Amino acid sequence: MMEFFNRLFPRNKSKNVAKERLKLVLMGDRGVSPEVLEKIKGEIIGVLSKYIEIEDNELDFKIANTENEDGTAIVPALVANIPIRRIKK
Amino acid sequence: MAEVIVVTSGKGGVGKTTTTSNIGAALSSMGKKVVLVDTDIGLRNLDLVMGLENRVVFNLVDVIEGSCKLQSALVKDKRFENLYLLPAAQTKDKDAINEEQMKKLCEELKSDFDYIILDCPAGIEQGFKNAVAGADRAIVVTTPEVSAVRDADKIIGMLTAHGVTEYKLLVNRVRVDMVKRGDMIGLEDIIDILGIKLIGVVPDDENIIISTNRGEPAVLNEKSKPAEAYKNVAKRIMGIDVPLMDLEEKGGIFSAIKRIFGK
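Residue numbers (the numbering used here), protein chains in the order written: chain B, 1 to 89; chain E, 1 to 263.
Keep in mind that the hints were calculated from the coordinates and are not lab data. Please read all numbers here as calculations on a predicted model, not as lab measurements. Hints should not be assumed to be uniformly reliable.
What the hints assert, rightly or not - Under the rule of at most 30 Å between Cα atoms (straight-line distance), these lysine-lysine pairs were calculated in the DSS-like manner: (1) K180/E / K15/B; (2) K129/E / K235/E; (3) K33/E / K23/B; (4) K23/B / K11/E.
What the hints assert, rightly or not - Computed Cβ-Cβ distance ranges for the label pairs, DEER-style: (5) G31/E / I40/B: 52 to 60 Å; (6) L59/B / E108/E: 52 to 60 Å; (7) D29/B / G163/E: 41 to 49 Å.
To be verified - Sample of chain B residues lacking proximity to chain E, with all beta carbon distances greater than 12 Å (derived): (8) V17; (9) A18; (10) K19; (11) L22; (12) D29; (13) Y51; (14) I63; (15) N68; (16) E69; (17) A77; (18) L78.
Think of the CB as a built atom: it goes at the ideal place given N, C-alpha and C, for glycine as much as any other residue.
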């Protein structure tokens, strides 16, 4: 019975959970460290600031687990929430 | 032509010492002259795993400090034609030697042996740095567990940083039944995650514990799966192309029937 369920819901298999967790943790280990993330953030803000004014205090910038498009796997994604104060003319 | 190979992993308990002892025994049984160096100073174990613990007189630190000759510290394994052990010191610590001294020792051993295999301590501190200093290439040992794979990834990065650019992966303690069930990370996944080439796969097998209990390398037990796996690794080290072995259990009624009817 468990086998049957596992086949229906392959994501529940513990090896897939292990794989996804490993991929995420290794990304942090390999260099998308808080410092690197801070650098990426700074550079992106730099580019955006040429065209829009940004609400600096409410910036949210992180790497998070997200479902991929067809919902079959959890993948790491760069999630940025950048509130706009106004568009520059 | 002599080569220095370091067996490393980052994480402890994944089978570095067992791997070192078996690869050494396998290479020696194929006619190579081999010395195994236990670089785990303070936590000496390779002698015990190989069953040579009662014959240790001098050790690695004695040789490096010059208090004995290299030849007198080498313990010959009488079961194999050309297999020697250079034991670690048990009462010193990792800082008793440095990278330059290890490099020099490796160079000295190269003139006498075909293969110098270094059993690296767990961790990423001085002991690791000493062990990789004189190495030409590395075997990174891991098991299909998240912690071991993560540490292997870290070690791969550190090898490159320390100038060892040739390294291959050995996946130890694989349980085919669990992989099939979906409860153990498979070989392809580990290779995919770590992005390095494979040198061998060793199945989880109770014969390893039994051999270690007796102080005999598992390769002496001709019929065991790990023996076959380690011999394959030895052949690949020698540059012989051998396909990955079938890890499936040969025993059991079902497979017996399959064999009889030719599948």
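Cross-check of the supplied hints:
1. Annotation: proposed proximity of K180/E to K15/B holds, straight-line Cα distance about 10 Å (limit 30 Å).
2. About 27 Å separates the Cα atoms of K129/E and K235/E, which keeps this hinted pair within 30 Å; it holds.
3. The suggested pairing of K33/E with K23/B is violated, with an alpha-carbon distance near 41 Å, which exceeds 30 Å.
4. Restraint check: the Cα-Cα separation between K23/B and K11/E comes to about 18 Å, which is no more than 30 Å; the hinted pair holds.
5. Between G31/E and I40/B the beta carbons are some 55 Å apart, a value that agrees with the proposed interval 52 to 60 Å.
6. Distance hint for L59/B and E108/E: a CB-CB separation of about 59 Å, consistent with the stated range 52 to 60 Å.
7. At roughly 21 Å, the beta carbons of D29/B and G163/E sit outside the given window of 41 to 49 Å.
8. The claim that V17/B lies off the interface is violated: its Cβ sits roughly 9 Å from the closest Cβ of chain E, which falls inside the 12 Å cut-off.
9. For A18/B, the condition that its CB be more than 12 Å from all CB atoms of chain E is violated, with the nearest at approximately 5 Å.
10. With a least CB separation of 5 Å from chain E, K19/B falls inside the 12 Å interface cut-off, contrary to its annotation.
11. Listed as a non-interface residue, L22/B fails to keep its Cβ farther than 12 Å from every Cβ of chain E; the least gap is roughly 5 Å.
12. Separation of D29/B from chain E is inadequate, the least Cβ-Cβ distance of about 6 Å not exceeding the 12 Å criterion.
13. The Cβ of Y51/B sits about 38 Å from the closest Cβ of chain E, beyond the 12 Å cut-off, so the non-interface label holds.
14. With a minimum CB-CB distance of about 17 Å to chain E, I63/B clears the 12 Å threshold, and the non-interface call stands.
15. At roughly 16 Å from the closest C-beta of chain E, the C-beta of N68/B stays outside 12 Å, upholding its exclusion from the interface.
16. No Cβ of chain E comes within 12 Å of the Cβ of E69/B; the nearest lies about 20 Å off, and the non-interface call holds.
17. Residue-level check passed: A77/B sits 18 Å from the nearest beta carbon of chain E, beyond 12 Å.
18. For L78/B, the non-interface assignment is confirmed: its Cβ lies about 20 Å from the closest Cβ of chain E, beyond the 12 Å cut-off.
Checked against the numbered hints above, the structure breaks hints 3, 7, 8, 9, 10, 11 and 12 and satisfies the rest.
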